[in-house]
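J.: Assemble chains B, C and D onto chain A, guided by the hints.
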Amino acid sequence: MSLLEIKNLSIHFVTRYSDVHAVNGVDLTIEEGKTLGLVGETGAGKTTTALGILRLIQKPQGRYESGEIIFKGKDLLKATDDEMRSVRGNEISMIFQDPMTALNPILTVGDQIAEVIHLHGKCSQAEANERAVKMLEMVGIRAERAGEYPHQFSGGMKQRVVIAMALACNPSLLIADEPTTALDVTIQAQVLEMMADLKKGRGTAMLLITHDLGIVAENCDDVAIMYAGEVIEYGTLERIFHNPKHPYTLGLFGSIPSLDKDEERLHPIEGLMPDPAALPAGCKFHDRCAYATDECASCEQELAEMESGHKVRCARVMKGEI
Amino acid sequence: MAKYIIKRILWMIPVMLGVLIIVFTISYLTPGDPVITILGSGYTPEKYAAKAAELNLDKGYFGQLGSYIWGIVTRFDFGKSFYSNLSITGEFARRFPITAALGIFGCIIMVVLGLPLGILSAVKQYSVLDYTLTVIALVLAAMPGFVLAILGLVLFGVRLRWLPITGLDTPKSWILPLATNAMPCVAMIMRQTRTNMLEVIRQDYIRTARSKGLSERTILWKHALKNCLIPIITVTGGMVAMVMAGSIITENIFNIKGMGTYMYAAIMQRDYPIVNGCVLLIAFIVCCVNLIVDICYALIDPRIRARYASSGKKHKKKAHKEVT
Amino acid sequence: MKKMRSILCLLMAVLMLFALTACGGGKTDGGKTPSGEDASAKFNPGPKGDEKITLRIGTTGYLGRFLSGLAPEESHSACNAVFDSIFRVDPWTKQIKSDVLDDWYWEDEHHFIMKLHDGVYFSNGQKATSEDLLFSYENHQERGSNYLSGMYLDLDKCEIVDDMTVRFYCEQQNTRISTAYIHLYCKSWSREVGWDSPEWYYPVASGAYYVKEYVADDYMVLHVRDDYWKHSIDEYYVEEYYYKYYPEAATLFMELELGNLDLCVIQSTDYSRYMSEDNSDKNYNVVLDATGSTMYMNFGFKDHDIWYNKDLRLAFAYGINWEEVGMLTLGDFYVANNGFAPKESPSYYDAGTREYDPEKAAEYLKKAGYEPGELSLKACMMDNASYKNFGQAVKYYIEKMGVNIDIQYADVSASIANWVQGGYNNDINLLFAAGGDARQCVTGSLNQANLWPGVTFAYVDDDHFQELYAKLCDPNTTQEDIYKYEKEIQQYIFDECLIIPFAEMNSAFGYDQRVIGPEMVKAITFSNRYQLTELGLRSNWERYQ
Amino acid sequence: MTRKKQRDEKLAANLTELTRKQGQWREVLMRLVRNKVGMFGAILCIALVILCIGAPLFTKWDPYEQAVINKFIYPGREHIFGTDDFGRDLWARLIYGGRYSLLIAFGATCFSTCMGVLLGSIAGYFGGRTDLLITRFLDILQAIPSLLLAIAISSALGSGPFNTMLAISMGGIAGGARMMRSVVMSIRGNEYIEAAKATGSSNARTIATHVLPNTIAPLIINASLSIGGNIMSISGLSFIGLGVQAPTPEWGSILAVGKTYIRDFWPLVVFPSMFIAITIFGFNLFGDALRDALDPKLKD
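Chains as they are written, first to last, in our numbering: chain A, 1 to 322; chain B, 1 to 324; chain C, 1 to 545; chain D, 1 to 300.
If we strip away everything but chain A, and leave its shape as in the complex, we get:
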């Protein structure tokens, strides 16, 4: 039984002017201790999905149109607020993209970590502080810096604090929303390596959201590629990297400049993301797809299994035309 199953999840943002379909029928599963990479351009609905899992979507506008999120057998969408609160930070925790603003500027780093331990660990404040200091040391921060404030730390160090905070209660699932995008490359490698060690040590499953295929290659077991609120290709790392099928995935891999050829220009995928408030019918990618036919534009595409451990949402691929 998998740790987390997302079935046909769709999330819409309804405002007076527009009805934004951010996520439309996403199906994902994360196994115990495994890492799922979620890849896609900005605005593909990656972060919305992640926030959906923790039910952090902004109340008045955001609405869960349909679908279920089964976590350890329990549907989180049906859970009461109290149940969700006991899950957040304890069972599932999240790391955000920009470390500079992720920490509360007026509380000490130690307090912010101890807070979540004290809340879920049901232990005394003193013990919580102790464990907080231990967590900091685990992420490579000297113990005596626990009493300092976020503005005294660099970007990389702040991200380490956020990671320490996320893993403090030993969650079974860690959601990392582009954890390293805001960091420079050298720090990026250190942080990812540290996350991998911690994960292996504690058997934590991870949902890694990124648009950097290099990171996915090194850290993820499975990969899901999202486009315009839908998962268009989903499979194990080998399948996707060795045998990408969906035109959009091919475009993604095509746009990575290869080192051996001396290329003058990059090969971006032409055109722009469709407007989520006015999504085209049929395959959302058809107006940018090189192989698009009239049929693609009309009928809805299904995410079908092309081979074991590799699904694609493209009728032409299923028919073997591409």
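Any given hint could be a false lead.
[What the hints assert, rightly or not] Here are some of the chain D residues that sit facing chain B, going by a computed Cβ distance under 10 Å:
no. : residue
1   : Phe137
2   : Leu141
3   : Ala143
4   : Pro145
5   : Ala152
6   : Pro247
7   : Thr248
8   : Gly252
9   : Val257
10  : Arg263
11  : Ala277
12  : Ile278
[Claimed, not checked] Anything over 10 Å on all C-beta distances counts as not near chain C; from chain D, calculated:
no. : residue
13  : Leu32
14  : Ala42
15  : Val68
16  : Ile262
Keep in mind that the hints were calculated from the coordinates and are not lab data.
Where is the CB? At the ideal position from N, CA and C, for every residue including glycine.
T.: Then chains B, C and D, alone, in the frame of chain A:
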């Protein structure tokens, strides 16, 4: 940090001196000869000279300024009123506590009412509560103080007879003056809190806190409130000056014998020593409040505390002005 | 969505503003004729048995100091209670009487004799002698107060006859010496403390009350003396006066409504509102009383020769709608009066009226030789309510007539100083005999018209007028002659248009019906001053029991 | 394929065309117009200004025409807002009076903004000793509450429109200068200022050409928000009897007169307060919208 506070206190002395000089110069340039107004009609040249000497009006600008400052600094003596011949300091001793009490209670009400209402209307945005509070804030902010005071007086004092209308002897009689003096400021603080709160709620660290599984209430009180306090403290600092100045109008209408009525009477009689004294004392209170505001910044925001400590070495700079 | 709702907010805000103010306002439909007197008998105010009361009086004038004659005017009423007055008006007979003199008469052209009563004691136990009597006049010259103006006194030539009599020397006979508002001061104590000492807030005096408590600009308490030389303490019904100062007139009236005050002067706005509502069950009532002074506009004759041209004066007489100016200045206290004595007074004489006639005014203006817009005038008035209203009302008509006028408003003391000796920049100004004259006679109202140096614009530079006025002031003219001359002078003023009287000043007093009756209030008050010594005596209350 | 290509070209074309033509100001204007609340505030202010300037067009009554017989007439067909204690038409007095009120308020704001700009830019630009001196002077100015300062000055200079304007503007200087100083200090560090100095331009020219244009935005915001405050101060002064003297029609002095009749004749209080309220509300709304338009990072 303590070094910074001491430095600020030292800086208050030249500021107060500056206020004193400005206020004195303004009244020195005022037309109309005090001696004639005191002696009335049948004055004779030698009596005029005697009186002028007594009020040391014959010493020219710097002489008078010097003796005025010397009088205040050494004997804390603000001189004598032109007409009642009573020493002003004696009057201040009697009247200052009343205005100070009104001011302090006014400020407490401002914060105690303004802050929660602001937070409430921010958290429950677009709700009915939000709009009623906004409407009240608009009306109170747009109504001149004395209209509000007289309306309150007529409505609650005379028509409904719930509250006594003058003096401050019974606790009930404090309600009306405080309400009409503090209300406009409550409205402003509420609006300021609401805008700040809306901004803070959208910050990332609030989402992090929520992702940690904290309840909305703890997020509000522990994380959001403290962060949105800083700009509110600046506004409160400004409000205190408004409340003190507003006391002139409120005390007059509610017949409270504080600095306000004293100054109003002095303005009407063109009794300049009293006007100068009152402005000086109120300016002093405002200076103290500004100092307290700065200290509150440091208490709440570690970034500013760090800058204060380091600023002790570098050139003097009040950092919090940039933050707000 | 948020946008539309903000606009809704504004509408609701304006509505709320509307509601707040509307419920604050009362209903009113213009003032009715004064009818305050028919107080129902169910309140029977006045002394019952030998209990004593504390009378609470409210005032919007500053409490001031007990040194009479200095700007701003000290509280006359309080001085009246604390000091014995050498001369004052008996409220019951409306004649001049004295608290301390046994006898006073003109010995000859220049000498005026005053005989002090033997047995007047000051609060410090000292006996009053003629030294104190003479000193009571000398101190005014010493302090520079303007109370001696008009007495033509030469203090060096006054001498003490014996320890109870003083002979005063005046250049010419005048009535002012026996009508001016002079108190008996204790010479030794005054010399000892000097004029500037705060001791003057707790003065040593010979009057019936002493100052028990005094808080500047707040309140003062006058308590009856148990060692008063004239009456024993149990003759007094009012044991204490609690005198409270209110900066805001609106608050004063509300205090009366709530029953926290027994006696106070009220504004015309509060008066007209009171008259328009039915007040049968209210514990307070209002009585209207002539103050004895009339309101008239002066032409500043002295140093402004334009006013010697009668056509210009007539242009002003016709060019200004005096009835309207009166109504705008005094509100519901306005009573039309073209003479210089109140309607109730026997010396009242209506010399005739000049109806408002803009064409005639234009005619006279041209006859006087001024094109419209050519003449421009200046005036400096006090910045209290009635002067401001008068200034606004008159300015409108004068400018409509084609004459420019610049009116400056200055505070009370600055304008007095300006009127009396500085500036002379008053072409025209409004005057009403500030003290009023309880005897309600013409000389009382015109007391500034013959005074020089006095109020600069009030002096009437016309020989026949001065001649008539001198006859009026001559103490030995008989009462019938006085009435005859009063009519003659008022007719002369009208024919020559020297001064334009247009209103008689009433003032309204609010009182608590359970404590004091309307007749008593009318008797002991004139021109906003209370005869507190008279009010204190139980015998006076029993007159109206 | 071709359909897609044409659409892209068209989109790209008008995008570049749009940005090229629009200067920074046009873009701000665009953003401002879209903000309906701000527009509502702007409409209010413009309507008021038109009403006051074109007063003769909106009423046949003369604000000084007095007649006792029509004293305290309640609002009706003849007199829209009724008449005041001198029988003058209240509607006429309010719109003619608006000229004085708005003029004084604008004048005071301009004066305090200019002084603020002057002091602020000098303090910000030169820094060091001058900065210290000027900041201390600003502290002094800010220590005295603006109403008291206005009272002291207007009792010294005497009452009248110009003196009132001067008295009120003193209070606003400190706020403007302090804001100006912080903006200038943040700009001073930028490279293009050093570049300007390097090319030998005098300090004054550098300030005028480089520093000032960047501070226009916060200045306008500060100015529009301070107009409301100025109008409140004028009515405060009139209450004490120092502001504009009768019979000149001005909202504050009409309200001060209205105070005495508050229990008898409500229009004399309601309508001036409403005019004051609408002006303050209008300028605040417009100011807020302006701030959002000029300062996009501040999310609504």
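J.: Confirm or reject each hint.
T.: Hints, verified against the model:
{"no.": "1", "hint": "Phe137", "verdict": "7 Å, holds"}
{"no.": "2", "hint": "Leu141", "verdict": "8 Å, holds"}
{"no.": "3", "hint": "Ala143", "verdict": "4 Å, holds"}
{"no.": "4", "hint": "Pro145", "verdict": "4 Å, holds"}
{"no.": "5", "hint": "Ala152", "verdict": "5 Å, holds"}
{"no.": "6", "hint": "Pro247", "verdict": "21 Å, violated"}
{"no.": "7", "hint": "Thr248", "verdict": "18 Å, violated"}
{"no.": "8", "hint": "Gly252", "verdict": "8 Å, holds"}
{"no.": "9", "hint": "Val257", "verdict": "12 Å, violated"}
{"no.": "10", "hint": "Arg263", "verdict": "6 Å, holds"}
{"no.": "11", "hint": "Ala277", "verdict": "3 Å, holds"}
{"no.": "12", "hint": "Ile278", "verdict": "8 Å, holds"}
{"no.": "13", "hint": "Leu32", "verdict": "13 Å, holds"}
{"no.": "14", "hint": "Ala42", "verdict": "13 Å, holds"}
{"no.": "15", "hint": "Val68", "verdict": "5 Å, violated"}
{"no.": "16", "hint": "Ile262", "verdict": "6 Å, violated"}
When the structure is compared with the earlier hints, violations turn up for hints 6, 7, 9, 15 and 16 and for no others.
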